[in-house]
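4 protein chains.
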Amino acid sequence: MDALQNGRNLAAVTGPTKRPFQEEAFLAAKRWGLINQAAARAEIFDTKAKDSASRFGNNIESYIGTISVPVGLVGPLRVLGANCKRDYRVPLATTEAALVASYNRGARLLTAAGGCNARVVAEGVNRSPMFAFDSVLEAEEFSNFIAAHCALLGDAVSQVTSHGRLVDVRCVIEGNHVYVDLQFTTADASGQNMVTFAADAICNRILEHSPVDPRYWFLEGNFSGDKKSTAKSMAHVRGKRVVVDVSIPRELIEQQLHTTPERMVENWYAGAIGCVLSGTTGIHGHFANGLAALYLACGQDVACVAESATGVTRLEANGDGLYASVTLPNIMVGTVGGGTALPSAKACLDILGLAGPGNSVALAEVCGAIVLAGELSIIGAFCSGDFATAHRALSRGEAMKRSRNHD
Amino acid sequence: MDALQNGRNLAAVTGPTKRPFQEEAFLAAKRWGLINQAAARAEIFDTKAKDSASRFGNNIESYIGTISVPVGLVGPLRVLGANCKRDYRVPLATTEAALVASYNRGARLLTAAGGCNARVVAEGVNRSPMFAFDSVLEAEEFSNFIAAHCALLGDAVSQVTSHGRLVDVRCVIEGNHVYVDLQFTTADASGQNMVTFAADAICNRILEHSPVDPRYWFLEGNFSGDKKSTAKSMAHVRGKRVVVDVSIPRELIEQQLHTTPERMVENWYAGAIGCVLSGTTGIHGHFANGLAALYLACGQDVACVAESATGVTRLEANGDGLYASVTLPNIMVGTVGGGTALPSAKACLDILGLAGPGNSVALAEVCGAIVLAGELSIIGAFCSGDFATAHRALSRGEAMKRSRNHD
Amino acid sequence: MDALQNGRNLAAVTGPTKRPFQEEAFLAAKRWGLINQAAARAEIFDTKAKDSASRFGNNIESYIGTISVPVGLVGPLRVLGANCKRDYRVPLATTEAALVASYNRGARLLTAAGGCNARVVAEGVNRSPMFAFDSVLEAEEFSNFIAAHCALLGDAVSQVTSHGRLVDVRCVIEGNHVYVDLQFTTADASGQNMVTFAADAICNRILEHSPVDPRYWFLEGNFSGDKKSTAKSMAHVRGKRVVVDVSIPRELIEQQLHTTPERMVENWYAGAIGCVLSGTTGIHGHFANGLAALYLACGQDVACVAESATGVTRLEANGDGLYASVTLPNIMVGTVGGGTALPSAKACLDILGLAGPGNSVALAEVCGAIVLAGELSIIGAFCSGDFATAHRALSRGEAMKRSRNHD
Amino acid sequence: MDALQNGRNLAAVTGPTKRPFQEEAFLAAKRWGLINQAAARAEIFDTKAKDSASRFGNNIESYIGTISVPVGLVGPLRVLGANCKRDYRVPLATTEAALVASYNRGARLLTAAGGCNARVVAEGVNRSPMFAFDSVLEAEEFSNFIAAHCALLGDAVSQVTSHGRLVDVRCVIEGNHVYVDLQFTTADASGQNMVTFAADAICNRILEHSPVDPRYWFLEGNFSGDKKSTAKSMAHVRGKRVVVDVSIPRELIEQQLHTTPERMVENWYAGAIGCVLSGTTGIHGHFANGLAALYLACGQDVACVAESATGVTRLEANGDGLYASVTLPNIMVGTVGGGTALPSAKACLDILGLAGPGNSVALAEVCGAIVLAGELSIIGAFCSGDFATAHRALSRGEAMKRSRNHD
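Chains as they are written, first to last, in our numbering: chain A, 1 to 407; chain B, 408 to 814; chain C, 815 to 1221; chain D, 1222 to 1628.
A portion of the hints provided could be inaccurate.
[Unchecked claim] Computed spacing ranges between beta-carbons, pair by pair:
id: 1; chain 1: B; residue 1: HIS556; chain 2: A; residue 2: VAL169; range: 32 to 38 Å
id: 2; chain 1: B; residue 1: ALA519; chain 2: C; residue 2: PRO1025; range: 42 to 48 Å
id: 3; chain 1: D; residue 1: HIS1430; chain 2: B; residue 2: ALA445; range: 50 to 56 Å
id: 4; chain 1: B; residue 1: GLN566; chain 2: C; residue 2: ALA962; range: 50 to 56 Å
id: 5; chain 1: A; residue 1: LEU34; chain 2: C; residue 2: GLU1022; range: 48 to 54 Å
id: 6; chain 1: D; residue 1: GLU1475; chain 2: C; residue 2: LYS862; range: 24 to 30 Å
id: 7; chain 1: B; residue 1: ASP562; chain 2: C; residue 2: GLU1065; range: 31 to 37 Å
Since the hints were made in silico from the structure, they are not lab data. C-beta atoms are modelled at their ideal positions from N, C-alpha and C, and glycine is treated no differently.
Chain A on its own, in the form it takes in the complex:
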């Protein structure tokens, strides 16, 4: 059985050499021998999954096949981004009824309003190694050393990556601990691995030159916010901080959402305070729905929804209509690396026209725009009283009989 597990004799997390197709498929077949589920095998390890076995070698271990997730198409979604104004068709992968329909409604509203502004207002991915000392006295000395030798650290980075660049270093002292918050830019990759390798190189450089030896240290001290919703990033950035906003004329709200700007603002107040009372990180409705579906379609790391699905939705009535914005401080996306080169991810990025280098900012803008679309649509549904009705109808595949129970 050992041979079926990638990385036998694992002293740690280990991996295979890249095996030829026959070997991967052969091993997958042997793994199915452990399970004894013929129908499951036929579904998961179908011909395509068998044929593709070797293509997934850099993306998974202990491969047994593939799962299928349905994709819906949303759009056109007009985004007035930093580099171009575009109408996007957006693929969303989900199994939750009503999700695609709801985001579609929001997308069309934004497009009808002339499109939404979108900007990446800050960028950076962090790793935060932790160094432990005997007392705060040594911690302070170490921290002062780091502050005085940032150039040394940047130099270490350039030797392990040509794309990653160290852009900020900050020490946070707690007791005899020092958290060294390293911030990098990572070009068009989402960059988690890149910053791991770069931080590792930095730590080794630090250990060579530090005037004081740590009692122990770790490559990550959970201060970076990796895979976690944090208050820290609300005021900073992890990945890309995306802001998208729009002003929508009253008539469009009435025609397309069947409610009014004022009522939507009432809903925003209700939801904002609800978030505050429940100790939510940020104020929003359901960022996670659109982000998870877009990340999944486009080969992004879906686990990053844990950190990305936080931020602020804001609605204000402005005489003639509605101002609406979303601020997403933690958009972790890339158009190269990770899962982006896998067949269906590449296909979805192609639908967006955003595969490959040079496109990660635009992809982040689309993430923000989709999220704004979703916020407007769900608030509209709560305001017009259609939320329950729509979910009932769509999850049962029935035509929806609208019955408004509000206003």
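Following the hints, complete the assembly by docking chains B, C and D onto the known chain A.
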């Protein structure tokens, strides 16, 4: 073009009647006509996706095909659950290198230790309608009315669902707002739709009988924690509150993780304080990785990772070895409904032996056990200095040359 | 020197028997001998302080005299409370220039608007002992035992206090820990000591009857929120949850605050989002200022400002004017016990007409009303551009030259 | 009556010209005429209060007298600070029984251990004006302007204060809002007023030169953390970030706290997780108690307890004994300005030997040391089972009969 969008003339989020296969596939083909991406179409809308079009009718709108995500097999993972002790083979869907290998390592450690204890210690899914009044005086009157008429509300539920049951009602007053926090059990479904319909019925019942009319109200006031990481649920539950723990002999730690219990506890301290300093909801390493991969494989709502990937990891050295636990207050899983009946989700649940009614508690226990496996493995990797090395090797498909840069 | 310290040979925190006046004053004098600061002694240990030495015996140890804090008088402040409608003169003790003037301005605005509604919408003080076990299995068993024996616990309470009453018990399981969240009502005392003694009695009762012995336990596990700002209490209560609200005609806003309802709402938006971005517990401006000054004047525990100064301020424009509310979930006040019987505290409570039993609800209402007054005044100052100007003038004791730099 | 209120015809918060003694005392007497409480008057407006009336003119408005708060003396407390090693006698003002005794016990423990290390590891006081624009496009333009013109802003500061210095500027964009987070050093003043005036000057400079006009702006957008417990400052600083730590031999723990390092670590675990489960900002026991008492004695702004009483307590067992640290990111203290020149505040600062310029760092170190003393003492009391017993004895002025109910 309108006909291509589900829910044309949408006054709200609307949906199609369930269409026969030909029509769904035909519409999907027409949608591809809007995109003009032949290669993408070949990948996403392949024969299987075309043939399956009608099967996804209750799970997605504006269907254009399916994406494929590779699945790895982890295990055996021994779980000492409330109802049975089992060795599970766990399918994880992801495109992130090293993830499956890492969880596998943790799973084998738990199994070698004799298995981990797993318990669902609380259950309940909430909806929190918000009612707005003129002043706190009316809010108080309304709140008193609700407190005195809980039976009335439970009765409303029984008329719209046979599986959902109202188990708690609590009013939270803020200014002239009342948030009515309704908690339901939802049998073996994750239950988001069920509680939406039930809450809608309750609100209508309230409006019929309330001695004071709200100025306005909304079906959800963002107090329920739906799709959001909240402090509230750390002390309560959303879905299932799962606790998994284990005591691991020192020798196993040394043999399988190449470190010591004491060093792992040092890492835990480092990470716990890092979480506190960054304002993380809870204390943990990377709950999101395993949860997202398991939810995705098994047809769960991946967007729920936003709420599920919070909780507490705790490590303590105990003379002979290591005590380790994870507490996950927000596990949102079901073995019926949602995406669980879709072909590949059903297949993955079958691999676990957990498809269909009666299995949601066990599925939640597996979620907790996988998460504990992942926490132990990543902490082990940070302690032995293998974290960066392993990611470098696995993401490049190379054999890893272990080089410990710590201790 | 030992004899100068209360509780010599302290095996733990110990205290003196109540000493007669001469002895207390004598010991204080000896303590001054250690310091050698004649001017300081003359100020702190003046005749009144010397004469009062024995009066403070139950409130302080190692007494060396008293400090003086100036008190300002605010009002009339009209409060439409649950039991009576009253115009209060409110003593505020502070050394911060502009504070009394600002609260006074807000108080007069509320009174001019006909008074503010005030309600205590929930009550309860918690203690949360923690019990640790071998594993979650025992933790679950213990938790089930507690749930089944609440009456047993309530009975233990009645034997140690005639005023405190156990009103809720809830177990929260984390790993092999059980936090037993005990909630009490404490009549007109703020009640921290009362709930400590009651919880101690409960724990002893639990230990007698529990079917499973804890490995260890502690009387408090920091889950109660004592002296800490917590997200938990935003959705619940610690002490008294006070809501105060008011609707203010546009003309009053314009005349007294020299701004408009709309501009105040803009300021509220600015500040609300600022709180969210900075990870504040709640949304508010400066609850702490008024609360600290009122607590200090009236013999309340000023350290409780740490927990009390959280909550929600909400402003909405409503056609004709402004709706404003404050919600304070953690007001910890009493009109008996603690420092309330000390001479100047008693005097300040007498100014309010709220000394002694039966008055704690009204005192909590005054706290809320003062806080609302302060929120309106500071927002008004930010809106009219007077904030910096007023602080400059008042802290220099000069007449302020108003110069508006906004609008 | 108008004349009795400071700042009549208040268009905003206004203040009096500095009045001579007779006038202040006369007005105070007239204010008492409104109250009709002879006994209260005799207590609050005694001869000393009457004589001192004019001395409080810059610190309070609508003066009616003074309250008295008893002071206890703690120490000697040995602090190994950045600039000097000193044994302090620390005055604490409180009305809560057991507080001084408990801090005294902790202080003697620290001193017996050779003293505690204390360092101010970061400094800075923030103001965060908010500027609102039409859309994120203008917000981005404005933000870029600020980033490019920091020197301009620093120059504005030098014209209004010779002590304050602008040390950091950072823009945080949310929707069409820009929060300009200005950080200042304020010499030996706590500095809230100083940074208000400086920020006001900066805003005016910005408005003169900005290429884009804000729709509106406010001097403070609640992002600075003023008077609020925030997650933001856990990772940064507000005022002074103070770290104090110590290593205590096992025998001292056993002799003075009657428990063991291991048991204290168990208590730390219990309390740390309790804080996490309740959504506390930071991890600690009762920072507020010692801080409030020290702030009050020394003329600091007691309302700042709301922001200061957050941070991290950490305990680790280290073979030979116990490592303990406290990290307080928000210590807001000064030795000049505010209430520090008032008679009793000056006296208490003199007891510490820290009145006047050059002493604010040392005062912050004492704050941290007192807080560490309090954390050790309370944890010791919970561990030895003396917590309830000690409070019962001291609040009743009785000799305490120790009865340990643990170990």
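Verification of the supplied hints:
Under the hint 32 to 38 Å, the C-beta atoms of HIS556(B) and VAL169(A), about 59 Å apart, miss the expected range. Range check, ALA519(B) to PRO1025(C): Cβ separation about 32 Å, and the 42 to 48 Å hint is violated. Our hint of 50 to 56 Å for HIS1430(D) and ALA445(B) holds, since their Cβ atoms are close to 54 Å apart. Between GLN566(B) and ALA962(C) the C-beta distance comes to about 32 Å, which lies outside the given range of 50 to 56 Å.
Separated by about 52 Å at the C-beta atoms, LEU34(A) and GLU1022(C) satisfy the suggested range of 48 to 54 Å. At about 43 Å, the CB distance of GLU1475(D) to LYS862(C) disagrees with the hint of 24 to 30 Å. Against the hinted window of 31 to 37 Å, the Cβ-Cβ separation of ASP562(B) and GLU1065(C) comes to about 49 Å, which falls outside the hint.
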